[in-house]
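> Listed below are the residues making up each chain.
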Amino acid sequence: MAGFASILPLCLRELTFAAGGRAIIRGVSARFDAGPATIILGANGAGKSVLMRLMHGLLAPSSGEVSWNGQGPARARRGQAMVFQRPVMLRRSALANVLYALELAGIHAPQRERQAMDALEEVGLAAVAQRPARVLSGGEQQRLALARAWALHPEVLFLDEPTANLDPGATREIEAVIRAFDASGTKIIMSTHNLGQARRLGDEVLCIHQGRLVERAPVEAFFAKPASAEAAAFIKGESPWA
Amino acid sequence: MGMSRCVVATVALLATAPALAQQRFITVASTTSTEQSGLFRHLLPIFEKQAGFQARVVALGTGQALGMGRRGDADVVFVHARALEERFIDEGFGVKRFEVMYNEFVLVGPKSDPARAGGSRDIVAALHRIKAAAAPFASRGDRSGTHFAELELWKAAGIDIAKDKGPWYRDTGSGMGPTLNLAAGMKAYALTDRGTWLWFRNRGDLVISVEGDKRLFNQYGLILVSPAKHPHVKKDMGQAFIDWMVSKEGQLAIAAYKIGGEQLFFPNAEGCLACLKGLAGRPEV
Amino acid sequence: MPGTAEAVRGALGLIGAGDPVLAGIVALSLAVSLSAVALAALIGLPLGAAIAVGRFPGRRALIVLLNALMGLPPVVVGLLIYLLLSRAGPLGEMGLLFTPSAMVIAQTVLVLPIIAALCRQAVEDAWVEYEEQLRSLGAEGLRAALTLVWDIRFSLVTAVLAGLGRALAEVGAVMIVGGNIDGVTRVMTTTIALETSKGDLPLALSLGFILIALVVLLNAAAHLIKEAAQRRYG
Numbered sequence: 001m002a003g004f005a006s007i008l009p010l011c012l013r014e015l016t017f018a019a020g021g022r023a024i025i026r027g028v029s030a031r032f033d034a035g036p037a038t039i040i041l042g043a044n045g046a047g048k049s050v051l052m053r054l055m056h057g058l059l060a061p062s063s064g065e066v067s068w069n070g071q072g073p074a075r076a077r078r079g080q081a082m083v084f085q086r087p088v089m090l091r092r093s094a095l096a097n098v099l100y101a102l103e104l105a106g107i108h109a110p111q112r113e114r115q116a117m118d119a120l121e122e123v124g125l126a127a128v129a130q131r132p133a134r135v136l137s138g139g140e141q142q143r144l145a146l147a148r149a150w151a152l153h154p155e156v157l158f159l160d161e162p163t164a165n166l167d168p169g170a171t172r173e174i175e176a177v178i179r180a181f182d183a184s185g186t187k188i189i190m191s192t193h194n195l196g197q198a199r200r201l202g203d204e205v206l207c208i209h210q211g212r213l214v215e216r217a218p219v220e221a222f223f224a225k226p227a228s229a230e231a232a233a234f235i236k237g238e239s240p241w242a
Numbered sequence: 001m002g003m004s005r006c007v008v009a010t011v012a013l014l015a016t017a018p019a020l021a022q023q024r025f026i027t028v029a030s031t032t033s034t035e036q037s038g039l040f041r042h043l044l045p046i047f048e049k050q051a052g053f054q055a056r057v058v059a060l061g062t063g064q065a066l067g068m069g070r071r072g073d074a075d076v077v078f079v080h081a082r083a084l085e086e087r088f089i090d091e092g093f094g095v096k097r098f099e100v101m102y103n104e105f106v107l108v109g110p111k112s113d114p115a116r117a118g119g120s121r122d123i124v125a126a127l128h129r130i131k132a133a134a135a136p137f138a139s140r141g142d143r144s145g146t147h148f149a150e151l152e153l154w155k156a157a158g159i160d161i162a163k164d165k166g167p168w169y170r171d172t173g174s175g176m177g178p179t180l181n182l183a184a185g186m187k188a189y190a191l192t193d194r195g196t197w198l199w200f201r202n203r204g205d206l207v208i209s210v211e212g213d214k215r216l217f218n219q220y221g222l223i224l225v226s227p228a229k230h231p232h233v234k235k236d237m238g239q240a241f242i243d244w245m246v247s248k249e250g251q252l253a254i255a256a257y258k259i260g261g262e263q264l265f266f267p268n269a270e271g272c273l274a275c276l277k278g279l280a281g282r283p284e285v
Numbered sequence: 001m002p003g004t005a006e007a008v009r010g011a012l013g014l015i016g017a018g019d020p021v022l023a024g025i026v027a028l029s030l031a032v033s034l035s036a037v038a039l040a041a042l043i044g045l046p047l048g049a050a051i052a053v054g055r056f057p058g059r060r061a062l063i064v065l066l067n068a069l070m071g072l073p074p075v076v077v078g079l080l081i082y083l084l085l086s087r088a089g090p091l092g093e094m095g096l097l098f099t100p101s102a103m104v105i106a107q108t109v110l111v112l113p114i115i116a117a118l119c120r121q122a123v124e125d126a127w128v129e130y131e132e133q134l135r136s137l138g139a140e141g142l143r144a145a146l147t148l149v150w151d152i153r154f155s156l157v158t159a160v161l162a163g164l165g166r167a168l169a170e171v172g173a174v175m176i177v178g179g180n181i182d183g184v185t186r187v188m189t190t191t192i193a194l195e196t197s198k199g200d201l202p203l204a205l206s207l208g209f210i211l212i213a214l215v216v217l218l219n220a221a222a223h224l225i226k227e228a229a230q231r232r233y234g
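From first to last, the protein sequence lines are chains A, B and C.
Under our numbering, the first residue of the first sequence carries the number 1, and numbering increases by one thereafter.
Under our numbering, the first residue of the second sequence carries the number 1, and numbering increases by one thereafter.
Under our numbering, the first residue of the third sequence carries the number 1, and numbering increases by one thereafter.
The following block holds chain A by itself, in its conformation from the complex (with noise of 0.2 angstroms):
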């Protein structure tokens, strides 16, 4: 993205968000530079996905604010993409859905198939290309999903979960590919439940319990020493051997 103001840093100010007179986020306040992968943990039900879904648009907060270094929202959507847990594809062929991504963005029709080709070989599903996405195995789609955000080349990369629902295999190659996005400069933004995966791929740690953030931490000491009661109860109760 040379060329245009860098989205970063993303400052959450008093996030709060309530649906349902239930307040799931009770104001959560954070900075998010380029660079370190982020994670964030928490139990079911802390939070997480509602507040990855308020910093990427999806949902609009109840009072607080998102900001994405004063940029506007159209330029801000632009500078991020997301995995869910889930992965959404058209019923198309694995690269007309990453075809369609960069038609939404914006990208010329001659460099799209090139820009498409090359995510799909980012990510090793070339040879697929032309297979419906559908019929593609979870961790498939799911890396489909991965390429479809490789091609637009975000700034930011939010993933809710990506991996609960793929077997060690899939995970272990999804993993590989977040590293790539990490080593090319991509911010990483991940919610997940395997600690180990957190170790594997986080710098820094945030714990969500119910609508707060309680901790924030560089991985390793998060896990050596939590600071807070809920982190470590959190930490115990995802360990079952700790």
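Please keep in mind that the hints were generated in silico from the structure rather than gathered at the bench.
Heads up, the beta-carbon is just placed ideally off N, CA and C, and yes, glycines get one too.
What you were told as hints is all true, and nothing was included just to trick you.
Cβ-Cβ distance ranges computed for the label pairs, FRET-style:
{"id": "1", "chain 1": "A", "residue 1": "127", "chain 2": "C", "residue 2": "225", "range": "24 to 32 angstroms"}
{"id": "2", "chain 1": "A", "residue 1": "127", "chain 2": "C", "residue 2": "30", "range": "45 to 53 angstroms"}
{"id": "3", "chain 1": "C", "residue 1": "18", "chain 2": "B", "residue 2": "167", "range": "46 to 54 angstroms"}
{"id": "4", "chain 1": "C", "residue 1": "30", "chain 2": "B", "residue 2": "23", "range": "15 to 23 angstroms"}
Some chain C residues judged to face chain B by a derived CB distance under 7 angstroms, without partners named:
{"id": "5", "residue": "98"}
{"id": "6", "residue": "179"}
{"id": "7", "residue": "198"}
Using the hints provided, position chains B and C relative to the given structure of chain A.
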């Protein structure tokens, strides 16, 4: 309104692209008895060949056909209820009434003749007996020419049928075929035109009870819908149709229509009696 | 009435012989109903998709209304269109009454709510699945709706075929606005009604067989299309 007209016009254009667009035609509002007898199937091809345009018949009951004329949805009406036709003209909706053809009504009823209505030529006496015996009677009840004639006959018998009817009087509200179906099924009496009776196949044990009464005479009339009231009426083609129907060709074509060797309708246009000389058929009643 | 067996034999004879009157009636029925469904789809598919994806005041009420209109009685539609197209009515000058065009219009009105409502339902169900991803990629509003419609096109084919089945099978609307004119506006259903009331069964029955066969074929086609699409695209 302009917008919806646009939409409808587009729709209509798209929908009628094929054939229909350039056809010349008139709309004739006529009765179910003439349509169902098959007369038009026989008559119209002959007419179209000679005249070069189509006569499209919408078959309803006499009342509805005249209603169509009043609204201007037809160019010509072809019905059989003289009093209603004359009122139509008096009210300014029709130009002139031309007599075209006639047939007769007959009273049909169960062979067992429970009301002892049959065997005579006196329709009024028969109706008295039916009412007295409270024998089942199936009426059209649909503002058709036949229905209208039936009502006139009750009146001639001095019976106010609207007031004096009982459960024996069945108002079917439907065409001649369904009414006869009902009569056959219920072993009821019914008034029908001879034409329908000739082609009707589900007679059950119904037979003709009364025929030949002068009052059963059933005259058909043709009227051009008034261009004064409805300027869009195709008056030249409409008049051409009427002229043909009362001409020698038309009258001969009407006489030629037979079912099982029996003639259904008898041409009797004024001024054409001379050209009908020598045609087999019943003398004008 | 002639015996049923005799009528059936007569009917099969007419079909086998390719009776031209029969063929003409079937051809007109197909022309009218196919035109009506094409028009209804042209209007109804985008309409249904727009309602599914859009958010505006009165949306709920509109959806309820649309679903209710699916059950519009054909005779009522016929009556309303008749009043519109009659010379005494607002669109009388167009001279459309008692022509196949009037029949197309009436059937379009009848079928439009069916296609729009079914499309709305299908798109809304799909929207639940697709919404976040499409919005994440930057597709909103009309763009998203059209992408969805194309993606679920096979379910929509089913909706369109449902509309076609309804159009072919109805008699009330086309009878009133068409006038059942011999050779001009007489279709399968109106002929069946007429011939049955005359007690003339072979023609009515033959048309009845053809109509049933068509409806069965349409349903089979819908089923096969859905299955094939499922297998191919997942």
